[in-house]
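Construct the entire structure; sequences and hints are all you get.
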Amino acid sequence: MINSTLHARELSRNFGNNIAVNDVSFSLQKGEVLGFLGPNGAGKSTTMRMLTGNLAPSNGSVKICGHDMVDNPKKAKEMIGYLPEMRPLYKELTVDEFLTIAARFHKVQSSKIMRSVENAKDKCGLSHMSKRLIENLSNGYQQRVGIAQAIIHNPEIVILDEPTVGLDPIQIREIRNLIKEIGKKHSVILSTHILPEVEMVCDRVQIINEGNLVFNGSIEDLKKQRRGNKLLVGFTKAPTKKELLAIDGVSQADKIDKTMFRIHFKEKYLPAEEIVITSTKKKWGLFHIAPDITSLEDIFVQLTQKEKV
Amino acid sequence: MIINIARKELKSLFASPMGWIILALLMFGFGFLYLDGVNKYFEVMSGSIRPAERKGITIFVGQNVYGAANFLMTVAIPILTMRLISEERRSQTLPFLFSAPISLTEIVVGKFIGLVTFLSILVIYIFVMLSTMNIWADIDFGYLIGNSFGLILLVGSFCALGIYFSSLTSQPIIAAISTFIALFAMVIFGNLTASDPNHWFGHFSMAKHFQSFTRGVIDTSDVAYFILFIITFLTFTIRRLDSDRLTG
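Protein chains in written order, with our numbering: chain A, 2 to 310; chain B, -5 to 242.
One or more hints might be untrue.
Only pairs whose alpha carbons sit at most 27 Å apart, straight line, appear in this in silico DSS-like list of lysine-lysine [as the list claims (entries may be wrong)]: (1) B:K5 / A:K108; (2) B:K5 / A:K132; (3) A:K75 / B:K5; (4) B:K5 / A:K113; (5) B:K5 / A:K92.
The set of hints was computed from the structure by calculation and includes no laboratory data.
Right under this line is the structure:
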């Protein structure tokens, strides 16, 4: 608990009769990148707004480095850098002017403002844009300004709400690298509905659906769920199902098309070698054998739609 | 922190042409009234007016300039206040303020002070303009200082009302129109009961309270009226923003 920087307990939020977030509890460790995943309208943004003090929770509490968001909001907010979904930029100002204001608002000492502005620009690759009006920057650069204002006061926790939405692939890659970089020194909470992004950037994943937390674990746990007990096998001269089922350990064989099979096997067995040996013996013409990985999308769909099924 | 918010507001005002244009137009307006006042003074006072009815140049020109401030400000201030919160609401920049370690009171008071500071430029300008009469005449500086004080209070009240209306909507134009209507009503209230100067309803009129300043009188009840007015509407604004946080 000593290393925990953020602690959310039983957070709930209703909008009228509509429950947006229901009893969500979690904590964030120092130097951890937490991915917050969920379909549209699952309650990601609502949770983030509650974490940053933009929205009062109907129930539950948020503690930032020991400071309660309701009882001691100023101290708690000092520790947080937040980039909402719609980036809050004063477009009539230049990058330098805006970041200076952001630093002042976040109580950076006046003697250190210049330095922290330079630092943030440096980290976000904005140094050559200092005197440009934010209005005239491209989407990607505006996003960087948004991230720069979130890290300018060197906060303990950086909260980014869908930071890569609407960017081109090159910009997305740059922003991801930037987030990884930030994650080395700060704790980061990142919300997204792009799954590979989570795998690339995050240490831990939380999946939220219809206001409930349905998965909370490391990225390794999530990957384990992906490697199921399935093999994808291709033969040029396809055998019959019966012949396949005769192989030791095979529990089920589904024909996908003329040549491809999906072979399920029992737990603790790995019949890959058996399949290869049998196939060469019987001359089935094996040309493809690989573990059949469930895509992250499938796991995501499984997790978020479990209750409905 | 209030000062930081005020500085940001000033910076935004000067970063857009809007601030400059309003300031220029108001200066033109007051400059014209000043010139008109001086011209009229020579027309009227050089005539066959009995000495007992003669007025000093300070109060004559001063009334011409400060007396019209009511109406000029009614038009100008809604245009300045409309952006303050509704523009932030529309461009979704409020989370930037809400997630910084700043209280709602500081945000609202900071914005208010920023705008009043901006308009004090105008008040100082009017003061300096009228002071130039001292080159030819011996003018009453007390009257000018009293009036400048009154004008700041008037401008402050207008701004407080404007900020409140601005916090109600995310459409700056709607904020401007409703502020204009409310201010206009406040100013002409007094005319409804003009026949009876002691009618209770007349006490709510802003024009009535400002009039004593233009006569050169600083009455504590007038000062209290304006200060209470400002505090009331700033409090309403804070409550409005707080309900944003509570109800989403």
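Structure-based check of each hint:
{"no.": "1", "hint": "B:K5 / A:K108", "result": "19 Å, holds"}
{"no.": "2", "hint": "B:K5 / A:K132", "result": "15 Å, holds"}
{"no.": "3", "hint": "A:K75 / B:K5", "result": "25 Å, holds"}
{"no.": "4", "hint": "B:K5 / A:K113", "result": "21 Å, holds"}
{"no.": "5", "hint": "B:K5 / A:K92", "result": "12 Å, holds"}
The structure meets every hint from the earlier list without exception.
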